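2 protein chains.
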Amino acid sequence: MAGGDELKLLGFWGSPFVLRARLALSFKGLSYEYVEEDLKNKSELLLQSNPVHKKVPVLIHNGKPVCETQVIVQYLDEVYGANGRPSLLPVDPYDRAMARFWAAYIDDKLLSSLMMMSMGKTEEEKAEGRKQSSGAVETLEGALKECSKGKPFFGGDSVGYVDVVLGGFVAWVRIIDRMTGLKIFDSSKTPILAAWLERFGSLDAAKAVMPDVQRLVELSKMRQV
Amino acid sequence: MAGGDELKLLGFWGSPFVLRARLALSFKGLSYEYVEEDLKNKSELLLQSNPVHKKVPVLIHNGKPVCETQVIVQYLDEVYGANGRPSLLPVDPYDRAMARFWAAYIDDKLLSSLMMMSMGKTEEEKAEGRKQSSGAVETLEGALKECSKGKPFFGGDSVGYVDVVLGGFVAWVRIIDRMTGLKIFDSSKTPILAAWLERFGSLDAAKAVMPDVQRLVELSKMRQV
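Protein sequences, first through last, are from chains A and B.
When we follow UniProt numbering, the leftmost residue of the first sequence carries the number 1, and every step to the right adds one.
When we follow UniProt numbering, the leftmost residue of the second sequence carries the number 1, and every step to the right adds one.
Bound conformation, chain A alone (with noise of 0.2 Å):
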């Protein structure tokens, strides 16, 4: 990091969002301050910080915000891209374009259909989310084949863009197995995403930022009243 620089994450223990922030922090070997947020009494800080959204991650270096999670991973890794720190996104234009594709497919599809499967208000509706779900995860075992040419991760030998925005999931995809005795990436069916799940999570890096998995469980039940 820059002589100087200074680096603040506003977040809140319990979002994806927030936690690809620190995962991208996390791989970068960057320090910073974690601020952690009430979500019921948000500090003025975050709602001056973040007035059009005023939600979490907002990361403000040097006093500067920047809001919008995968705008913060971007940005992250276009301001610390050199001096040895591992870059995020690829150098090629055409797997950028890919690395960017993947990353909004997590947003769009893969996210919606889990919290359609999750939170869905009638049997229904969970129904379908486990249905596009599992398309959703399947068309990602695909990607995962083509982004990675065999090594272990989307960005290749170690963590990309792509891994840090599906690993802002990984500790949900084991809440919502364990609470609805479901594998969303099933070894049978999906073995490349699955084995890729246990390697994401056993990183030190992701590791030293994941929440717990119980603590999550109970979260999850509380919303759900």
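The set of hints was computed from the structure by calculation and includes no laboratory data.
Predicted model, so just to flag it, every value in this text is computed and none were measured.
Keep in mind that the hints are not guaranteed to be accurate.
Intra- or inter-copy, both count: the list cannot distinguish identical chains.
Dumping the calculated BS3-like pairs for lysine-lysine here, alpha-carbon to alpha-carbon at most 27 Å [as the list claims (entries may be wrong)]:
| no. | residue 1 | residue 2 |
| --- | --- | --- |
| 1 | K109 | K121 |
| 2 | K145 | K221 |
| 3 | K131 | K54 |
| 4 | K64 | K149 |
| 5 | K109 | K54 |
| 6 | K55 | K109 |
| 7 | K55 | K149 |
| 8 | K145 | K64 |
| 9 | K8 | K207 |
| 10 | K145 | K55 |
| 11 | K145 | K109 |
| 12 | K126 | K221 |
| 13 | K40 | K131 |
| 14 | K151 | K64 |
| 15 | K54 | K126 |
| 16 | K8 | K131 |
| 17 | K54 | K145 |
| 18 | K42 | K131 |
| 19 | K8 | K40 |
| 20 | K54 | K149 |
| 21 | K189 | K54 |
| 22 | K109 | K183 |
With chain A fixed as given, assemble chain B onto it according to the hints.
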């Protein structure tokens, strides 16, 4: 354009998302083959090039497909960013983050409220859409003031990423105005944005690819039946 480069765009004349890609190509002065798709009978090339979403726009660059409108625009900017061609995204990482933030805002908030306003199934839904659109446009007025720093475009002196992303909607804003009798970019409420709309729409590179408003009105009426 590098010698031997082949650019092809699969599109539909009435899509604001396709228009963004055409605007980017036009502002960058790139020549390309435009292929109009029949969305009721999609070509094999479209289905093969975008097997995940099966949607336009798809940019095919030397045989390799790039899908999703914002991904395409960023790809074009990265591949054709040098050699005197105008850059759409700013150079400074913080300004780039701001541009990505507002581009996401346009897709998340402005688009959904305009859809609700013009395609809502009930009068209440349409009224709620009008209210939300009005709020989103006021927020964008502030963004334009901040990003442009008194210059004519979001990108400053020349058209940038946010201009292209918002520019995709220029013709649609005009038809919604015409069909509903409302002014979405009202010069009394949001004078900077209203002036931007006129300025952007009158640029030769925009006019060259902008669809005919009367034809769009007819398309829009057909879709509401």
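Hints, one by one, checked against the model:
With identical chains, the CA atoms of K109 and K121 are at most 27 Å apart both within one copy (19 Å) and between copies (25 Å). In the homo-oligomer, the alpha carbons of K145 and K221 never lie at most 27 Å apart, since the shortest distance is 35 Å inside one protomer and 44 Å across protomers. Only between protomers do K131 and K54 lie at most 27 Å apart by alpha-carbon distance; the minimum there is 19 Å, versus 33 Å within a single protomer. For the homomeric pair K64 and K149, the shortest alpha-carbon distance between copies (17 Å) is at most 27 Å, but the shortest distance inside one copy (38 Å) is not.
For the identical chains of this complex, K109 and K54 are neighbours both inside a copy (24 Å) and across copies (14 Å), given an alpha-carbon limit of 27 Å. Within a single copy, K55 and K109 get their C-alpha atoms as close as 21 Å, and across copies as close as 14 Å, so both meet the 27 Å cut-off. Proximity of K55 and K149 under a CA criterion of 27 Å is satisfied inter-copy only: 26 Å between copies versus 36 Å inside one chain copy. Taking the shortest alpha-carbon separations for K145 and K64, only the inter-copy value of 17 Å comes in at or below 27 Å, while the best intra-copy value is 38 Å.
Taking CA atoms no more than 27 Å apart as the test, K8 paired with K207 passes inside one copy only; the shortest distance there is 20 Å, against 44 Å between copies. Within a single copy, K145 and K55 get their C-alpha atoms only as close as 34 Å, which misses the 27 Å cut-off; across copies the closest is 22 Å, which meets it. In this assembly of identical chains, K145 and K109 lie within 27 Å of each other by CA distance solely inside one copy; the values are 18 Å within and 34 Å between copies. Taking the shortest alpha-carbon separations for K126 and K221, only the intra-copy value of 16 Å comes in at or below 27 Å, while the best inter-copy value is 35 Å.
Taking CA atoms no more than 27 Å apart as the test, K40 paired with K131 passes between copies only; the shortest distance there is 26 Å, against 34 Å inside one copy. Taking the shortest alpha-carbon separations for K151 and K64, only the inter-copy value of 22 Å comes in at or below 27 Å, while the best intra-copy value is 37 Å. In the homo-oligomer, the alpha carbons of K54 and K126 lie at most 27 Å apart only across protomers (25 Å), although the nearest pairing inside one protomer, at 29 Å, exceeds that limit. Taking the shortest alpha-carbon separations for K8 and K131, neither the intra-copy value of 39 Å nor the inter-copy value of 35 Å comes in at or below 27 Å.
Taking the shortest Cα distances, K54 and K145 sit within 27 Å of each other only across copies (20 Å), while inside one copy they are farther apart (37 Å). In the homo-oligomer, the alpha carbons of K42 and K131 lie at most 27 Å apart only across protomers (25 Å), although the nearest pairing inside one protomer, at 37 Å, exceeds that limit. Taking the shortest alpha-carbon separations for K8 and K40, only the intra-copy value of 21 Å comes in at or below 27 Å, while the best inter-copy value is 50 Å. Proximity of K54 to K149 under the C-alpha cut-off of 27 Å is restricted to the inter-copy arrangement: shortest distance 24 Å between copies versus 40 Å within a copy.
In the homo-oligomer, the alpha carbons of K189 and K54 lie at most 27 Å apart only across protomers (24 Å), although the nearest pairing inside one protomer, at 40 Å, exceeds that limit. In this assembly of identical chains, K109 and K183 lie within 27 Å of each other by CA distance solely inside one copy; the values are 18 Å within and 34 Å between copies.
This entry does not satisfy hints 2, 16, going by the numbered hints stated previously.
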